[in-house]
Structures are given as structure tokens and as C-alpha cells.
Amino acid sequence: MRQSRIIQLAGLGFTIAYAAFIVWIYATEPRTFKEVTTSAEVAAGTYEIDQEKFNSGLNFFRREQFRAARVEWQQADPAQRDARTQFYIAYSFYREGWGRLYFDQELFKQGVEAVNRAIALSSAGTLTIDDPDLHMHTAAELKAELEQGLERNWSDVNPLKVLRTRK
Amino acid sequence: MPATNRSRNRALLDFVVLPFIFLTVALLGGLRIGAENGTFIFIAPPVVTLLLATLLMLLLIRGGLLRLHDWVSSDFPPLTNVAHIWMFITMFFASAQAFNSVLPERGLLHWLFSFFFLWTLWNNQFSSFDARRLLRSLTVLFGTAFVLKHMLLASLYSPEGGWLKRVAGTLLQGIALGTLDVPTFAAVTGYIAFFTLALYVAGLTLLAFAVNGETTVISEPMAHNHQQLSAAEPLAVREAILDDSRD
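Protein chains in written order, with my numbering: chain A, 1 to 167; chain B, 168 to 414.
Each hint should be verified, as a subset may be incorrect.
[As the list claims (entries may be wrong)] Where chain B lies over chain A, by a calculated footprint (3+ residues, C-beta under 8 Å):
no., segment
1, 26-40
2, 89-103
[What the hints assert, rightly or not] So, partial list: chain A residues that the calculated Cβ filter (under 10 Å) puts toward chain B:
no., residue
3, Gln3
4, Ser4
5, Arg5
6, Ile7
7, Leu134
[What the hints assert, rightly or not] Some chain B residues flagged as far from chain A (calculated, every beta-carbon gap over 12 Å):
no., residue
8, Leu179
9, Asp181
10, Pro212
11, Arg300
Worth flagging that the hints you see were computed from the coordinates, not collected in a lab.
Virtual Cβ for every residue (Gly too), placed ideally from N, Cα, C.
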């Protein structure tokens, strides 16, 4: 009788945990086994970005090779859970999309998405990046600049716009 | 000692093995593998599969495969009742996902298959079934749907051009086959669906054995006691049973 009770309890515990895993799998929809392990790390709170890839992306970014930088950063943060990496990704969209005559709307839109992710992930509320190579150090500044670039108004036809500088 | 082993095995089956089997079916029933890059695609059960699962659960109760009153009762300890209800829940989702694995994902064929499943299950609600017949009927139902979806349709819509596509192309020259909008998946999806359905039927078969075992446990001592009666006593027992049934 006692053994049956132990089996009942153990069975319930084990199968409820298994059911929770199934619900989690269907909610996160991982596409590969690698994504399953990454999502598990995120859920367990042990997720860390690949620092080597991040630094490599930073080097590309400083050499103005923005697409290559983004590829490295996406590999460094496959789960898109690191606020700093997402901030740099957004910044790379800004710099690549910035033009003296016009802004690339598609790149700016992707930049807004990335900076929104960065803001959502920053636990302190205000995300600040201390990087002397950047002209904007907070996610809020970057977001405002990207959103401004997406707006259409009469100042777009101002010829003096060609004198503006990229941040 | 055999009675202890029996109760231990029964507990293992009811509280560990069966929920584990049904949950595995629930996990794999919505899993497809992308044809282009081999990535996982998880498809949550559509609402219609929940309806089909409800009808199937009713059928399982009617067929005697699920005996609710023997499994959940105010006489049992609360933990036993909770564990049994949990097993029914896992079975419900396994049923929904078993349907999900054999239903085309979208388009006209999805609704055609759903309609035929609904029709069959609804008709079966009014037929007389016992557990064994019901199991056979369900095996045939899922087997047919599997052959239709994962062999015939997969072959017809295969990007490489399956055998059926070549046959149909020869027979139906000039008639378009692309109007039914069937997504294509990697061939391994068919293997996963086969394993899922086999596991589901195996779970139901184990459940049927458990139910039959329960009947044997009750009937065996009764038969033994009956054999011990003297020549006149069986008649008296028979009379008493008939009296009870008249009351």
C-alpha cells in the first residue's frame, strides 16, 4: 500500500514535470536541438552570450562592416536575451541605414525592433552603454533617433539636411 | 505476494507508464520536420481536434475502455483520484494530438478529413461496442488516416515527385493538382507520425489489459468460491441473483 502511494506520488511528479516540458516546447517552438538547449539555459537562468563572437562582431562594427557584425552578434546571442548585444545590433541597423539624403526605412524598422528588445531586456530600466566609439549611449536615445528617421515630414525636403552628421 | 506485485505493477502502469506514453504522444503528435532545412515545426492541436478527442473519450467510456466510476470515486484516497484524473487528462491530449498527426495542416483537405473523423465518431456513439472491438475500430481509423495523409498525399505533393504524383500525372494529364494547398514536410515526419500512432494504440491496449485484469481479479475468486459449493447450492445462488435482479 505504502509502495503504491510512493509510485503514485513519484509518477504524478514526474509526469507533471514532463507535461510542463511539453507545454514549454510548444510555447517556445525551438527549431533545432541547439535551440532547445539555448531555451533551456534561458529558462534556467544560466544563459550567457558567446563573448568571443561578441568581440568579433564589435571589430566588424568598428570597421563599418555592419552586416558581418550582425551575423557575429546573432551567433553570440542566439536567444536574443542579452540587452547589450541587442543594443549593438540596433546601432548597426542605424549606422547602415543612415544616409545623408535619405534613411533606409527597412533597416531602421529592424533597428527599432532590436532596440525595443534591448529595452525590454534591460533589468535596470535605462540601458546605458559606455563605449567611446558611440555617440548615443542609451537605448532611449537610439530608439528616438531611429523613430525620427522613420517619420515623414516637411523637414525631409530641407536641403540643409545634407549637413547633418551620423551619430 | 503475487497480489502485492499485482498492485505494484498496476500502480506503475496507471501512474507512470500510461501517463508517460500519452504525454509522449501529445509531444510528438504536433511535431513535423521541415522539408527544406530539416528544422522542427511544432503545430499546436487545432480546435477541431479537441472536439474529436472529446467524442473519442465519450466513445472510450461507452466501449468500456474507460470506467470512470471504477477509477474516480469518493471511496478512494484523494491522491488516487487526482492521479486517475491526471491520467484521463493526458489521454485526452494524446487523443487530440493523435488526430493532429493525421490531419492535413490546412486547406480543403484539413476540413474534409475533420468532417470524416467527426462523422465516424458521431456514428460510433450510437453503435454497440466492447473494448476489444473499439480498439480494433480505432486502429483501423487511425491507420487509414495515416495511409491517406502520410503515404498518398505526401507522395502526391512531394517536391521530388513521388510515385503517386507520377501515376496521377500520367492519368490526369492537364488537370491541376495544386489547388488543395497541402504543406510538404520531410519524409521523417511520416515515421514520427507512425511511431506516435503506434504508441497511442499501445497505450490504449495497455489500458484495455488493465481493465480486463481488473475484471479477472474480481471474477477469479468468485469462480473459485462457486466451484466449492455443494450440488444444491449453485441453484440457490442463482435464485438469489435472479431475485436481486428482479428487485
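Verification of the supplied hints:
1. 26-40: Check passed, 5 qualifying residues.
2. 89-103: Check failed, 0 qualifying residues.
3. Gln3: 6 Å, holds
4. Ser4: 4 Å, holds
5. Arg5: At about 7 Å, which falls below the 10 Å cut-off, the nearest Cβ of chain B leaves the hint on Arg5 of chain A intact, so it holds.
6. Ile7: Holds, because the Cβ-Cβ distance from Ile7 of chain A to chain B comes to roughly 4 Å (cut-off 10 Å).
7. Leu134: 35 Å, violated
8. Leu179: Not fine: 6 Å to the nearest Cβ puts Leu179 of chain B too close to chain A.
9. Asp181: 8 Å, violated
10. Pro212: 9 Å, violated
11. Arg300: It holds; Arg300 of chain B is separated from chain A by about 29 Å at its closest Cβ, greater than 12 Å.
Figure legend: structure checked against the earlier numbered hints; hints not met, in rising order: 2, 7, 8, 9 and 10.
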